[in-house]
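Residue numbers (the working numbering), protein chains in the order written: chain A, 1 to 321; chain B, 1001 to 1486; chain C, 2001 to 2451; chain D, 3001 to 3265; chain E, 4001 to 4265.
It is worth saying that the hints were derived from the structure and are not from the lab.
Hints may be right or wrong, so weigh each one.
[Claimed, not checked] Per label pair, the in silico range of CB-to-CB distance: (1) E/D4092 / D/G3126: 27 to 37 Å; (2) C/D2078 / A/S30: 19 to 29 Å; (3) C/K2260 / E/D4245: 28 to 38 Å; (4) D/R3250 / E/S4261: 28 to 38 Å; (5) B/V1016 / D/E3029: 44 to 54 Å; (6) B/A1003 / C/A2045: 54 to 64 Å.
[To be verified] 30 Å max Cα-Cα, derived DSSO-like pairs, lysine-lysine: (7) B/K1385 / E/K4099; (8) C/K2325 / A/K235; (9) C/K2204 / C/K2180.
Bear in mind the structure is a predicted one, so any value in this text is a computation, not a measurement.
Each residue gets a CB set at the ideal place from its N, CA and C atoms; glycine is no exception.
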Amino acid sequence: ASARDQIQVSGSSTVLPYATIAAEAFSENSDFPTPVVESGGSSAGLKKFCEGVGDNTIDIANSSRPIKDSEREACKAAGVADIMEVRIGYDGIVFASDIAGNSFAFTPADWFNALSAEVVKDGKVVKNTATKWNEIRAELPDQEILAFVPGTKHGTREVFEEKVIAAGCKEAGAADVFKKELGDDKAKEACMALRTDGKSVDIDGDYTETLARIGSAKNGIGVFGLSFYENNTDKLKVATMSGVTPSTETIASGDYPVSRPLFFYVKKAHIGQVPGLKEFAEFFVSDDIAGPTGPLAQYGLVSDPKLADTQKAVADEATMQ
Amino acid sequence: MPAIWIALIILALAVVGYVLGVKRALSLAGGDSRRLHSRTTYYGWNVALFAAVPALLVLVLWLIAQPVMLERAMSGAIPEDMLSEGANRSLIIADVRNTANALSAAEQKGLLSAAELADPAGNADAIKAKLTDAGIRFASGATPQIFAAAEHYSASQSTGRKVITVLALLAAVAGLAFATMRIHPEFRARNVVETFIKGLLIACSSIAILTTVGIVLSMLFETGHFFQAYPWTDFFFGTTWSPKFGGGSQLGILPLIWGTLYISVIALAVSVPVGLFAAIYMSEYASSRVRSVVKPAIEMLAGIPTIVYGLFALITVGPMLRDYFAQPLGLGSSGSSVMTAGLVMGIMLIPFVSSLSDDIINAVPQSLRDGALGLGSTQSETVRKVVLPAALPGIVGAILLAASRAIGETMIVVMGAGAAAKMNLNPFEAMTTITVKIVSQLTGDTDFRAPETLVAFALGLTLFVITLALNIVALYVVRKYREQYE
Amino acid sequence: MTDASLSGAAAPARRHGSLTQLDERTRRRNAAEKRFRAYGAGAIAIAIACLAILLFTILSNGLGAFRQTYLTLPVALDAQVLDPSGQRDLDAMKKVTTIGYSKVLEAALRQTLAQNAIPEEGLSKKDIGDLISKEAPAQLRNMVLADPALVGTSVDVSVLTNGRVDGFFKGRVTMASAEKDSNTSPAQLQLAQTLKEKGMLATKWNWAFLTNPDASDQRPEAAGVGIAILGSVYMMLVVLVLAVPIGVAASIYLEEFAPKNRLTDIIEVNIANLAAVPSIVFGILGLAAFINFAGLPQSAPIVGGLVLTLMTLPTIIISTRAALKAVPPSIRDAALGIGASKMQTIFHHVLPLALPGILTGTIIGLAQALGETAPLLLIGMVAFVKNFPSAPPEGLFDPASALPVQVYNWTQRADPAFFERASGAIIVLLVFLLCMNVLAIFLRRRFERRW
Amino acid sequence: MNDMSIMERAVTVNESKISAKKVQVYYGEKHAVKDVDIEILDKTVTAFIGPSGCGKSTFLRCINRMNDTIDICRVEGQITLDGDDIYDRRVDPVQLRAKVGMVFQKPNPFPKSIYDNVAYGPRIHGLVRNKVETDEIVEKSLRGAALWNEVKDRLHEPGTGLSGGQQQRLCIARAVATQPEVLLMDEPCSALDPIATSQVEELIDQLRSEFSVVIVTHSMQQAARVSQKTAFFHLGNLVEYGDTDDIFTRPRDPRTESYISGKIG
Amino acid sequence: MNDMSIMERAVTVNESKISAKKVQVYYGEKHAVKDVDIEILDKTVTAFIGPSGCGKSTFLRCINRMNDTIDICRVEGQITLDGDDIYDRRVDPVQLRAKVGMVFQKPNPFPKSIYDNVAYGPRIHGLVRNKVETDEIVEKSLRGAALWNEVKDRLHEPGTGLSGGQQQRLCIARAVATQPEVLLMDEPCSALDPIATSQVEELIDQLRSEFSVVIVTHSMQQAARVSQKTAFFHLGNLVEYGDTDDIFTRPRDPRTESYISGKIG
Ligand SMILES: Nc1ncnc2c1ncn2[C@@H]1O[C@H](COP(=O)(O)OP(=O)(O)OP(=O)(O)O)[C@@H](O)[C@H]1O
Ligand SMILES: Nc1ncnc2c1ncn2[C@@H]1O[C@H](COP(=O)(O)OP(=O)(O)OP(=O)(O)O)[C@@H](O)[C@H]1O
Ligand SMILES: [Mg+2]
Ligand SMILES: [Mg+2]
Ligand SMILES: O=P([O-])([O-])[O-]
């Protein structure tokens, strides 16, 4: 087989749009061929990444979560010792409902009380039987509870559970009760267990599926990525969280609580072997691309306030310790 | 000489061999082909096969072995200090190979001076510059050592080529000579050729076995890892499926098995009657004009990407079932349900049942129909009592194929039935299948070393065993009820 | 010698009525016959109706992809911006990125508006520039770099408009939706409308959809299925060349030659079972066997083709075996009886008679292979690929996409314009399938006969 | 040896059961049966004789509309059964075939057990109500077709595993079991040994007391033995039709004469 | 009428072509052929007679190993052709069948044209080198089987569109065209009219001058006319085997006697 001359990228479907925008612009403005960007999920991408070094392994893994220690070990065992971690920005996670429906102003506690399997009522742990949002909090609209949340395969689910449900658990004061009743370990679990009676619907597909589900069940509220919402503002109405409306600015400033960092990982051993690899990495995090006015931000990426550090690290080929 | 040329020469020799074989056989038989054991073409094929097959085998073996041998040869040429990091070895070798390719490309274009060609390693920088100018891309890391190794690589490569050229051609000529000499009028050329074809057929059948072995092997290892991290009793007997990111997942397969069976049964309940009746209508009632239009039209259903069905389930069928059946009947208000996925999947599976069955039904001899009609059966009686039983094995095969597709489908289930693993009798509840979970755990975000991801392999293997059991039962049933005509 | 006369049958006597007057039982049986026939017709009606509904949705969603809105305008290629050094040196000119070119385009459009006395009311400079697709700067840049002499002149170029503008002319975007849409505004659409009335903007047939590669999420208007078609063609070639002969050969061996014993039973069950293996598992196998073990490249049609071959084989084998089984033994006897070898019997007589069934299996198997995404997910073919693979055989090893992959990708994208593209790609896929079928159908009709 | 049949071919003139007028049959272009006019009598055995390929089977298949199943086959003219035009739009071919049974030239047992082969007709026509009745009719039919002794121990083995002659008799038994009014038999004894042949002929003779039987045969002796009426076909034409006695002793047409005088088999 | 054959059934003793020793055939449990010993002579027509189901076809199929194709069929004992054991592992059944051709009891033309049906054998055995030779052999074979006149205008129509008797003759033509050394014919004239029968018999007689022919027939007259040797089978046993003259005039076994004396057809 002849040597390959294009960069190969694999991994997260959340990072995919940003990676393709960067890849496309990269080839338009350089003589390198367009990197091939696969999507198959963060985990699958990292797994391929850690398969080893060489021509028939990928160069870059996109991930919507930081690489885990166990994965780094696996990488090392396969000879992928030097890995550059590059954070490209943040993905905001928003709650949105049908454009024609009610407006919502949520707090994490609302979500906990609406979706948790067990809630605390009058200091006692009881099964969650709420059916309407206004039973949760009187200010919320009189509307059936129906939430489309990411399925357990999605990294977004982890963020949702930790930054919304678990936070809401604490905020509602249920965490303490759980701790008292169930002990530390079980309490964390109880905080994050969602009800299974059909009020909370897992979505294993992607945001387009969530959007379609809202289209067929108008009283549903879905969890979306900020960029997805921004491309569909004519169909979706976004909800505020603790009074903050999600936007690239409020997320970058940290006012809006629900977001997660996005990364890509570069196999250092491939730099110098695969034409254009380093150039691509640098291009990806350059101000023109990943900066607050670049195309990635236009598309909905929350630009990293510390982008300059990242740029330097890439230029220095700094690897993870 | 590139491999493709060698192959072409071998094929040319085979053609020569064919002609020689025919000629020799004829001349030995005194020009009367009737005195030969086999037809003359078989003598030709016999020689052609002997000329081509061993030589091509040699060539293929070489193509597989050459990179390994070259790599070994290169190891000597690359200084030890570069190879000390064993992990990067393959990269360096790739680099050497790229450089060698770039060099030979440059040489062909006449870019390099004689001096540079004589000592590429010494002139590494100059060559690099020239290559970059000429737009020949190669990795930027090429050092003089690499150039030296590249040169060595090219040299051994060309030696290897020469050797294989000679070897392969020798094999071809030897085979040709041997086969030609063997010819005599009583020589059973046809048997030789047919034995060869039979060998080929056996090789093809063994691919199925190899695939199975490959599938089992590619999953067994990771399944082992999974069961080290997760107790098998919980997996096989657990009734809750809820993977978690932070550990503490419950990965019981039972709800998934239940969902798989439930959805498949509904899908078959739709596709088997519709498909079978369609097949019967096409082969027994419809005019050949109608049939020639309807059959390929129905086959289109098998070619529509499943995502279209998924969207159909999600946008049209799901809400419809919810609004007109589930809610009025008080069976819940879920937009996605086993029923939705089953119905839509059933539509997709219609052609699997209908087209295959139609062919089989059509192959039942007309004399059987005549027999039944002659006794005063109606056409439907003929079909039900005579034709269908005679076509049973084929029809069961078609149904099995449809069932297999139902079990293996993801997109329709995800969009139609949802992603929640539940064990419930209500067909208007959301449920999910093993296959869906295999896909989502494999393409999800969990740590790829964690049981939440590895469970996909265990699921795959378990499903494999389950379907195997179902297939054994089916084989037994078919054997029992089969009616062999004539 | 016959021991009983039939005339005194104990069974209920037969009514000897007129032919045109049906007796009760015949009427019942005829009603059953009618019902049976109606079930058959009904089944076909159901199948065809489902097909019609699906096709209608696909067509109504996807036909739009074959038309695209273009804006034609004169662009002054300002030398100051595009070649600051003034040397017409390519390397220096390459330093100007597409961002620079987009400014040139924006300026050109504004100038055109001014010349045609179209007011810019309520629109910022950026808003106006956004009417033009993000693909356009790259197009202009390539044009200039290919012919540096253009710098300094003014050229007429035809560029894609933004996806929302395009959607407006196809009815996907309305003034009302634009009101709420953060990516466009009614004013922009109004401007586009004016441009159209002036004849500068037109929606026309869009070959680019069939020839372009994919585009990133920000440029639905530029995305095409060119590479996907090539990738699918390459893969189908591999599948056709491998799966059909191997499948038929394996069936012949198993059905006609294999001794009927335990081992054959195991193989038979095994093949039926392979059909039930979810397609993603074939992806796992492909990754392990072809990429990690055999060292074939990622994202390559050859690997995709091999995986799909393994996946299609059971379908072809099962249907071929059923078809072979259906050929009556008397045909085999006839050939064997005049001294044909088993091989000759099969190839001369049995196989032609089994051909319709084999073709059906092939069609269904290929249809399945053509529409499959899941296994490709694991071998890197569900990918964003912008560079065309070269011609086969080398091209089989280059990265490529595939039609179902393109559909899958596009349905996941945020911009609703991609949904139209996805449906368009499905249309292409179905046409592809239809083309493959036509030959098979033709052959099937030639070889179909009853005996 | 022919005495019995000669004796019985007596004076009683039975009424017409089937009457054909100007029947033409085409297979695509091929004109296989030309202008045939014939009256087939009730309670009579009629023999069709003629050289191979002359259209005997084709005409026979017209009588119970089995030709409907051959796409390229076209029938013109009129055939009536008990006065009803069988090609009338209102006629149900199923009912017709229940009345006019058929034994085909090539034995075509169903791939079912011997028992089920015979029981098939009675079951679909509701001639039996229970297992006992079915057993009875199966045994009687098989005995009538002289097959009972050979198969009584293997009634539940497939009918396709029988020898050629056994299959032929099975098909006869199958047709007889449905108790048709007219039985069309296309060379029913071609694969039978003399003893079995005589048994089948006896069966035919019995059937005659109630039904009408049409038999195609190549054996002139057989025709002479079992039939009261004989029709001689030649190249698609019905050359001569009349009392069997007359045909064999005083043929009117020279073609008939030359055919029966060349008699050998 | 039988004079000719009686005359020719002369003194010359031909050498043995096929010899069977203690042949047993089982279909699963069923013992269909029992302990058969027979010598079939070269350049001789041998007739197998016996009641339907007695094992004639089964034994015939043993001679060219057609029974190999029936899964449940098991053959024991020894059969030699020109001294070679045909069940020897080294024997190629294909070559055997090329030498020992067969006409089956049920006509089974290929669903191909009439021409291709006949030309198939010569083609695969390389007996013809070009179209002219093929045409020649096709015509000769069809003429031999008395079918030429009927089909010469429709050689390229499917063989399955022929009448029963025509199909039978087509199968005879097909078998003859391959020019086997031994021809096994299972009731080749069962569906033929007397004239066609006599033509086929004439063909058989011609073939005898070079080959060995085995014919199964139910017509004792036919056996007497065409064969020099006759074997009488009964319930799977070879009851008697000898010169046709002797069998029909001086049967040694009472079973033979009762069978031929019950002769009718
Ligand atoms: N395939 C088979 N499976 C089981 N039994 C069979 C099979 N073929 C034949 N037999 C049985 O073997 C016996 C001998 O059959 P065979 O066909 O040799 O008879 P035959 O002498 O040719 O009779 P016929 O004159 O009716 O053709 C019969 O009892 C028959 O039922
Ligand atoms: N399906 C068919 N397609 C075309 N021609 C046919 C078909 N069936 C019969 N024929 C032709 O029609 C003519 C009459 O055929 P038919 O079967 O009626 O003859 P038959 O008198 O029964 O002869 P046999 O005694 O040989 O059975 C023959 O020439 C035959 O070739
Ligand atoms: Mg006939
Ligand atoms: Mg027989
Ligand atoms: O594809 P994800 O890993 O971003 O969910």
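Against the structure, the hints:
1. E/D4092 and D/G3126 have their C-beta atoms about 56 Å apart, which leaves the hinted 27 to 37 Å range violated.
2. For C/D2078 paired with A/S30, a C-beta distance near 23 Å keeps the hint of 19 to 29 Å intact.
3. In this structure, C/K2260 and E/D4245 break the distance hint of 28 to 38 Å, their C-beta atoms being roughly 47 Å apart.
4. The given range of 28 to 38 Å is respected by D/R3250 and E/S4261, whose C-beta atoms sit roughly 32 Å from each other.
5. Here the CB-CB span from B/V1016 to D/E3029 is close to 50 Å, well matched to the stated 44 to 54 Å.
6. At roughly 56 Å, the beta-carbon separation of B/A1003 and C/A2045 lies within the given 54 to 64 Å, and the hint holds.
7. Taking the CA atoms of B/K1385 and E/K4099, the gap is near 42 Å; set against the 30 Å cutoff, the hint is violated.
8. Taking the CA atoms of C/K2325 and A/K235, the gap is near 57 Å; set against the 30 Å cutoff, the hint is violated.
9. Taken as a hint, the C/K2204 and C/K2180 pair is honoured in the structure, with Cα atoms around 28 Å apart against an allowance of 30 Å.
Of the numbered hints given earlier, the model fails hints 1, 3, 7, 8; all others are met.
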